[in-house]
Amino acid sequence: MNAQTPAMAAACPGCLATPTEPASPPGPQDARLVLSLPGIHCQGCIASVERALTADPRVRGARVNLTLKRALIDAVPGTQPADLIPLLATAGYEAHELDPGALQATETDRDGRALLTRLAVAGFASMNVMLLSVSVWAGASDATRDMFHWVSAAIAFPAVIYAGQPFFVNAWSALRARRLNMDVPIVLALVLALLTSLWETALSGAHAYFDAALALTFFLLAGRYLDHRTRAMARSAAQELTALEVPRALRVDETGATREVPVSALAVGDLVRVRPGGRMPVDGIVVEGRSELDRSLLTGETRPVFAGPEHPVSAGEVNLTGPLTLRATAVGQDTSLHRLADLVAVAESGRARYSSLADKAAQLYAPGVHILAGLAFLGWLAWSGDMRVALNIAAAVLIITCPCALGLAVPAVTTAASGRLFRQGLLVKHATALERLAEVDTVVFDKTGTLTAGAPHLVDAPVSPRIAGVARALAEASGHPLSQALAAGLRGAGQDAVNLDGVVEHPGFGCEADWQGLRVRLGRGSWVGADPEAEGSHTATYLRIGAEPPVAFRFQDSLRPGAENVIAALRAQGKAVAILSGDTEGAVRAFAGRLGIDTWQSGMLPAEKAEAIRQMTNRGHKVLMVGDGLNDTAALTAAHVSISPASALDAARVASDIVLLGQDLSPVAGALEIAGRATRRIRENFRIATFYNIVAVPLAVAGFATPLIAALAMSTSSVTVSLNALRLGRGVRKP
Amino acid sequence: MSVLAFLIPISLVLGALGLAGFLYTVRTNQYDDPEGDSRRMLSDEWDDHPKP
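Protein chains in written order, with my numbering: chain A, 2 to 736; chain B, 511 to 562.
If we strip away everything but chain B, and leave its shape as in the complex, we get:
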């Protein structure tokens, strides 16, 4: 059972990583234009280098 001492913290850290990732996307306005973002990836205009 002592393995729980590792597994519980690990599972919590993994969950917290997901939470942090989600909060990062919220903070950086990534849900402002869901429609546009899903379409932009279909365009090959900025495939070689990111849009300045």
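Same shape as in the complex, but just chain A:
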């Protein structure tokens, strides 16, 4: 869609792992826009959204995708999403712009489609060959049987060669690395079954395993496809979170006018305007304006920091009060945000150390099967001296032991469990995340933004109505988060605002006004004339009326919904709970006391957090890290398994295995429980598959296995395993 733009560096601060294409500049080609429509749910919504969009002359075509809750729009060149969002707002739909570059669905889609095509071919071929085999089992003999076998061979060979390619490729790459994986016995079984069956057919033998080879391919591909779909769904939802943060910045040109440009187009030395509420796109020096900065995503500190001319700022900080103009000193990959994010690459990943249950099973299983088949072959060769009989028996052993049910055991359970967790608002991004989650015995939380909602609220302010009235009036004049919290707190306490004259906001400092002939000021301690150290570690704002001593209003972070529940539930499950925070000691102590958590550490740097996790791991704990900030990314990577909320920085979401959608923390405790059940189910499935093997293998080694027994053993074990997995998704009410 924007093929003519040159390739550029990653556009947004967090896009280490998923470099985005640059946002498409208004060019001569048609604008292709993607809007997210979280509110649509029925055919009426589809029709009215499409009607509202196509009614606009700039829109050439619009199509709603209800499954993804998105609208794809073809519009005349130069159309901006901001032009269309009001159209939908009038029609009554909430719409958000999505960055089309961040939605790289095409590639995974192609993989999924290729897998589905192979699955269809294998399914078609196995059904036909199975029908032909039924007549053989029913007693066809002589020339008729041979004909059926030849027809089966003609279908089976091309079908297996085409549909089995994923296995051939995987097995080859494993063998080249001198390893054994699950695909090696699969490929050996397929090849041996096809070749011995062809040989048997040429000699007019009674037993051919064409149907087994195809059924095997079909069941195994079904497992692969389930696995792929689960992960593709999670990836697409994760991409949507990234795409919602469209990386744009306001560049100031020579004439002083601002123009919206993609962040990737910024260069060192550019002047950039950042509005209140906006996030710094680059590292820079403030040139103009005064404001306060929220650095909590970078450091975990909740207290806002002053910023004025000559102050350095880092990408990722949030501008709170006044507009700032920056001169960029580092852009893209060179920003401190990115350098911090590089810590992730250094931290040894918890998931890299983990070998999945399926891998462990394959390590036991693959050599066992090969040895068993080899022994059966040698034994029969020595005993009967007949190459043909020995090869047939070896093929039967391989087919019967082939990990058909084993291949389904894990994906079927993960699909069911991931689907269930998704309905509860958890996005499982990594394939083995559930298994690792089940092993967790220690849960470590970040404080700011994870256990807290990031919005302060007023701690009781024992002040006279007179002071409270002035404070409310001044606080209501400002958009600063502390002012808003103060105003809301006083409003809640039933305080009326007084009338003030000449209210002026000094960004970065506070508000000032005249009241009954007195100067009144509300703001930073140093500006008002108070000693900020007196209040210790609390975040506070100060009011001074005339020459009276300043009054402090103290704030506490409000808890994220479900924070108390999740900690109680984790305790009930017998997990240890700890807090690692970058915030000051007093703030963390007060907070930990409120939640009743004894284990906490404060003032931690990103590397120290990761080190603390590593020490816990070395002591033999399996750690779940829940965090949202950039200062958590290294710890998220180092932990055994990690969760980050959707509000987290992109880098943190990329580093974590599971993303929590929505505000509420309580699904986390449920996730641990579901993960435990999923893992038990996977083990059960392995046991079921092994049980079938134990029954069938002696028959195969003894030479009693017919293609009919092979087909029965394979199908029943696969179906049993799938049904067992489906029990996990049962009993869930749809939201």
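The set of hints was computed from the structure by calculation and includes no laboratory data. Bear in mind that the values here come from a model prediction, so they are computed numbers and not experimental data. Among the clues, some could well be false.
[Unchecked claim] Simulated restraints on C-beta separations:
hint: 1; chain 1: A; residue 1: LEU132; chain 2: B; residue 2: TYR534; range: 19 to 25 Å
hint: 2; chain 1: A; residue 1: ASP75; chain 2: B; residue 2: SER553; range: 18 to 24 Å
hint: 3; chain 1: B; residue 1: SER553; chain 2: A; residue 2: GLY493; range: 44 to 50 Å
hint: 4; chain 1: B; residue 1: VAL536; chain 2: A; residue 2: GLY604; range: 52 to 58 Å
hint: 5; chain 1: A; residue 1: GLN166; chain 2: B; residue 2: GLY531; range: 18 to 24 Å
hint: 6; chain 1: A; residue 1: ASP84; chain 2: B; residue 2: ASP557; range: 28 to 34 Å
hint: 7; chain 1: A; residue 1: TRP384; chain 2: B; residue 2: LEU527; range: 48 to 54 Å
hint: 8; chain 1: B; residue 1: ASP554; chain 2: A; residue 2: ASP75; range: 23 to 29 Å
hint: 9; chain 1: A; residue 1: ARG620; chain 2: B; residue 2: TYR534; range: 57 to 63 Å
hint: 10; chain 1: B; residue 1: LEU522; chain 2: A; residue 2: TRP384; range: 39 to 45 Å
hint: 11; chain 1: A; residue 1: PRO313; chain 2: B; residue 2: TYR534; range: 58 to 64 Å
From the three backbone atoms N, C-alpha and C, an ideal C-beta is built for every residue, glycine too.
Chain A is already provided as a structure; the job is to place chain B on it using the hints.
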């Protein structure tokens, strides 16, 4: 038994038709929006002529 010479090819061709049909639906993105497609048919907006 010579009837098999007709019946087997016929059954294979019928099966292959089904396979081809399925592959056609995959290739033409008909599984991109299963939810939306199942709802669209309930709307009578484009009943008289297809959406341009």
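Does the beta carbon distance between TRP384/A and LEU527/B stay inside 48 to 54 Å, or does it fall outside?
holds (49 Å)
PRO313/A paired with TYR534/B, Cβ distance criterion 58 to 64 Å
holds (60 Å)
Quick one: are SER553/B and GLY493/A within 44 to 50 Å, going by C-beta?
holds (46 Å)
Is the hinted range of 18 to 24 Å satisfied by the C-beta distance from ASP75/A to SER553/B?
Given range 18 to 24 Å: holds, Cβ gap about 21 Å.
Return holds or violated for the Cβ distance of LEU132/A and TYR534/B against the range 19 to 25 Å.
For LEU132/A and TYR534/B the Cβ distance comes to about 24 Å; the hint holds.
Should the hint that GLN166/A and GLY531/B are 18 to 24 Å apart at their CB atoms be regarded as holding?
Once the Cβ atoms are compared, 23 Å apart, the range 18 to 24 Å for GLY531/B and GLN166/A holds.
How does the Cβ-Cβ distance of ASP554/B and ASP75/A compare with 23 to 29 Å: does it lie in that range?
holds (25 Å)
Go ahead and decide if the range 28 to 34 Å is satisfied by the Cβ distance of ASP84/A to ASP557/B.
With Cβ atoms ~31 Å apart, the hint holds.
Distance restraint hint 39 to 45 Å, applied to the beta-carbon atoms of LEU522/B and TRP384/A
The hinted range 39 to 45 Å holds for LEU522/B and TRP384/A, with Cβ atoms some 41 Å apart.
Assessment of proposed distance window 57 to 63 Å (beta carbons of ARG620/A, TYR534/B)
holds (58 Å)
Between VAL536/B and GLY604/A, does the beta-carbon spacing fit 52 to 58 Å?
Hint holds: Cβ distance 56 Å, inside 52 to 58 Å.
The structure shown violates none of the earlier numbered hints.
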